Amino acid sequence: MKKLFSLLIIALFVTSPILAQGVMLWEKTNADYSWITNDNTMRGLTYNEEMGHVLACSRTTAANIYILDKATGDSLGTLDMTGVAGGTYPINIIKSTPDGAIYGVNLTTSGAGLKIYRWANESAAPTVAFSGDLTGRFGDVMAVSGNGASTVIYVSGSSNTLIQLFTTVDGSVYTAASTITVAAGAARGGIAPVSSGVSSELWINGAGTSIMHIDAAGTVLNTVDGGVISSGWQNVAYNMGSNGRKVIAVVGKNDGTLGSTVQVFDVSNSEVYPTRYGEFKLTIPYVTNANATSDMSIVDNGNGTFTFYCGFTNNGVAAFKSNMVYISEAREDLNNDFQPDRFHDTLTIKAVCISPNFQTLHRSYYVWDGTGGIATFKGGLLSPDLHFGDYFQATGFIDFYNGLTEFTPLTDSSLTVISDSNFAMIPQPTVLTLAQFKANAEYYEGRLVAFANLSKASGTWPAAAASATIKVTDGVDTMDYRIDSDTDLDDQPEPVWPKDLIALGSQFTSAAPYNTGYQLMPRYYATDILPPYTVPVELSSFSANVNNGTVVLSWQTATETNNSGFAVEKSNDNISFSKIAFVNGNGTTTEKHNYSYIDNGVSGTVYYRLKQIDFDGTFAYSSTVEVSVETPASYGLAQNYPNPFNPSTTINFTLPVNAKVKVTIFNILGKEISALVNQDLTSGSHNFNVNLKDISSGVYFYTIEAKGIDGSLFTNTKKMTLLK
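So for the sequence shown, our numbering puts the first residue at 1377; every next one is plus one.
In short, the hints are calculated from the structure, not lab data.
Honestly, I wouldn't trust all of these hints.
[To be verified] Estimated spans, in silico, between C-beta atoms of each pair:
| no. | residue 1 | residue 2 | range |
| --- | --- | --- | --- |
| 1 | S1834 | T2093 | 50 to 58 Å |
| 2 | G1453 | D1509 | 31 to 39 Å |
| 3 | A2009 | I1956 | 44 to 52 Å |
| 4 | G1632 | G1573 | 34 to 42 Å |
| 5 | S1554 | S1797 | 17 to 25 Å |
| 6 | G2046 | D1601 | 38 to 46 Å |
Computed from a predicted structure; not experimentally measured.
Ideal placement from N, C-alpha and C gives every residue a C-beta, glycine not left out.
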């Protein structure tokens, strides 16, 4: 497609300093506040969700907790500090719970005289939530989770081997409860609960120690690779956004380059090798912070972005907002007006290029990030020339042109290629009928789709260097098929119909409300025009269930093309798989088919996957399902994985006894979407694969109801996020 482009529009959207992955909202230094000085007296910082304020703790002149406006950083006053005294430092770290209660801890190098103070709100006088003697240094770090009587407080310190938990029965008075044993100093600077309650997992770190994810018993679940995040950072924070993205952030490093920097990493897919999500930095020169003390809070903005409130001790306080989002979020249309809700918003994406350049004099590609696809456009040829398989990061704005949602890089330097030849990141096309595509064409925009056995209905194949739109049909429906002269298709002879077609979902219409003009955009002649019935098998479900030590694998296909069958592969470590069986397929069919395989004599935890093999030897792997054959001690419903997902995810639950089980999926309005399970199951661990390819993006809930043969009852509900 050809279009005109004006660079003047860019100026409309640059309203604040643009960083690589976000914006600085504000910063305050010793030029702004006298309580920020060239020492280490300002250490604690937290965000008060109830009031929407930032709180900073400083001991300059006298111990105080300062209230700051979250939008500007301007001072709004201080908390009442009556009776706050004692310890090596009377107040060191502060944290707030979602209901607005504020907690502060003093520092005691010996453990004697530890005090935790509580403010019911920003106007209240402090009360002593805990006062007592412990052994070892406490008060360098504190974290809280939960609300009211469910609040849990975590405290540790430099060189300490314990994280002390404090619990309450009334939300006001706390007792020293259980402890978590860690390596000396492993939690000296940062403790970040993953959830609430004493059983919550934690992220911990301290300057000189690795960043670790531990369970409530102190067992290390994962350690971040030191080549990704060095061990010199003092503080770690964690947040899982409403979109399911999990991030950790590190701050506090005695380093001339990174000392006034916060680095953010996405741990959704890997906690050992997380991906860089963002980096934000103060504008002022770094002032040496020998103790590397710093603190921060991460706030989920509910739209795919986060705000980071950071205290850099003697360097200042600041707020940063990320703009890194999933493509599915960048292009979302929640009001269903067929236009992107974030039209003109400045955002950052990471994606892989899945197409050639569709323009002669400009840059026009389709890109994909695993949650969705989008067209990119940049006027002129100065910006980096993308190639198929290039993985890149770009900051730009959401545009809208003739019905097509687009992403436009701000400047030529706003797009950076991270690596090339990432062919494994290229998505497999979704096999559809034309009717299925037309029924949900907005969803398939920017996505790779495939169709079996289509013929030309009308139109003329273009001559070399020419473009054309022809119509293709499956005998029932027709669709526009756009052949662009900037691809290699126009240089090739017209194929002998019928053919299987792979294409990008696209759109070209100037007629509001922009729900017409949908079309298919092929990319390459050799890969996107195939012999009839050669598009891949569409696997709609794959599950594993345990029956008295026997594993029953079940799967279903929606369509099959050239399908020889399925190699069933098994692994004990989810790394090395071996073939244990082969199940014949049904060749080429548009009907649903069910398959199963029984694996006997299984013990322990095992993993299964399917290797679907075509008659010509080409193959593709399914997702992996996990089975634990040991009898669980209790009922349990696990968080689905992956989450967020598109379109498939796995739900796992455990049964200590044989039970009648029903697992139901609901939307946010309580309407039942699917009855995933409704049957008698044996004791053990059960995995069920969910495929919601025909359901729109959004937040959904899944509920289990189990009635054991011993009369026991179990119900539980969890939330999951579908991102397309």
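Do the hints match the structure? See the list:
1. The hinted window of 50 to 58 Å between S1834 and T2093 holds, with their beta carbons roughly 52 Å apart.
2. Taking the beta carbon of each, G1453 and D1509 are about 34 Å apart, inside 31 to 39 Å as hinted.
3. At roughly 29 Å, the beta-carbon separation of A2009 and I1956 lies outside the given 44 to 52 Å, and the hint is violated.
4. Here the CB-CB span from G1632 to G1573 is close to 41 Å, well matched to the stated 34 to 42 Å.
5. A hinted range of 17 to 25 Å for the beta carbons of S1554 and S1797 is inconsistent with their spacing of about 50 Å.
6. As the Cβ distance of G2046 to D1601 is approximately 43 Å, the hint placing it in 38 to 46 Å holds.
Checked against the numbered hints above, the structure violates hints 3, 5; every other hint is satisfied.
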